[in-house]
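A.B. asks: Numbering (my numbering), first residue to last: 392 to 701.
If you're looking for bench data, these hints aren't it; they were derived computationally from the structure. Be a bit skeptical, because a hint or two may be false.
Unchecked claim - Okay, the calculated beta carbon distance ranges per label pair:
no. : residue 1 : residue 2 : range
1   : Ser475    : Gly665    : 22 to 30 Å
2   : Thr549    : Asp425    : 46 to 54 Å
3   : Arg673    : Met594    : 29 to 37 Å
4   : Pro632    : Thr596    : 15 to 23 Å
5   : Asn487    : Ala551    : 46 to 54 Å
Where a beta carbon is used, it is the ideal one built from N, C-alpha and C, also for glycine.
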Amino acid sequence: MDVPQPSERAIRAALARRAYAQDRVRLVVRDLRDFDFLVATRNGLFAANSDRVSLVAYGFFFGLHRHGNTIFLFEACGVPHTPSERGRLVAFDLENERIANTRVIARGLDNQCHQLAVINELICVVDTANQVIRRFTLDGDVFDVRMPLPPVQWGDRTPAYRHINSIAHVRGAVVLMLHNGAGVDRRPSELAWLDSEWQITRMETLAGYGCHDIVEDEDSVLWHCGSWDGELLRSNGPAIPVSTQMTRGLAPYSSGFVVGVSEFARRENRTTLGGALLFLNRDMNRVAELQVDGAPTAIIPIRSHNVNKR
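Can you build the whole structure from these sequences, using the hints too?
C.D. replies: Printed below as a string of structure tokens:
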């Protein structure tokens, strides 16, 4: 009699649940000195340069941010689109561009949290499914919960659900990316600009759909992934087509930008997708492409001198 074999998705979810229960970070590589970027994916955390990609840690990774000599990450320790609270914050302490120590600093977050940023010395995590921003100290202690938009119930797909996926600190303001495309008719994404009290001061409609990422370059130009149309959006000009695939994950480097791409798929199927990194020069021409064993969700420079200077 044939014995049913578990799927790859089921095996990976079980390993993630065990890592959560054991407070274990499944680190593979510590030395980042030969790499320029970290790439979060649903199939692991990777380090990359324009020549090669290397697995750093196993897991379903989304948020990614460097603050001083610490890299903060959001990891979903279960299938990301499912309603569970096995999300956690992980910290990598760096010494001479090597991961000297890993720490699990917060647990019990919703599995569908997305990007994070350190703003005013607090880790700000986008809790996408519940439409709130959860704030933690740099040691992972709960600080508070901010609700710039009305909170929603998990699974809400009415127009009230905006699918917040990105957060950034831009010229003294907190900025949120409202995807606006989960469970409703196609409508443009928006930026919500917030004041110091986390109240919305203005809404900015973008010329793109299903957008991700908020990146400011050295000329104060804001860049985003116009994900549904394979574009890059910019605040000082028209959208730039870069791929026939979904764009997600964006970081500047000395010669241009690196952007993540992957196939379009339903959320429940994205955990087994591969992806690629496109290296673009300042004229937005592709100069290199590297395959990644996972669909990119976030990209950051490892060192600040990688940032694009125009």
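A.B. asks: So, for every hint listed, does it hold in this structure?
C.D. replies: Evaluation of the provided hints:
1. Ser475 / Gly665: 22 to 30 Å: For Gly665 against Ser475, whose Cβ atoms are near 25 Å apart, the range 22 to 30 Å holds.
2. Thr549 / Asp425: 46 to 54 Å: Since Thr549 and Asp425 have Cβ atoms about 48 Å apart, the given range 46 to 54 Å holds.
3. Arg673 / Met594: 29 to 37 Å: Given range 29 to 37 Å: holds, Cβ gap about 31 Å.
4. Pro632 / Thr596: 15 to 23 Å: holds, 20 Å
5. Asn487 / Ala551: 46 to 54 Å: holds, 48 Å
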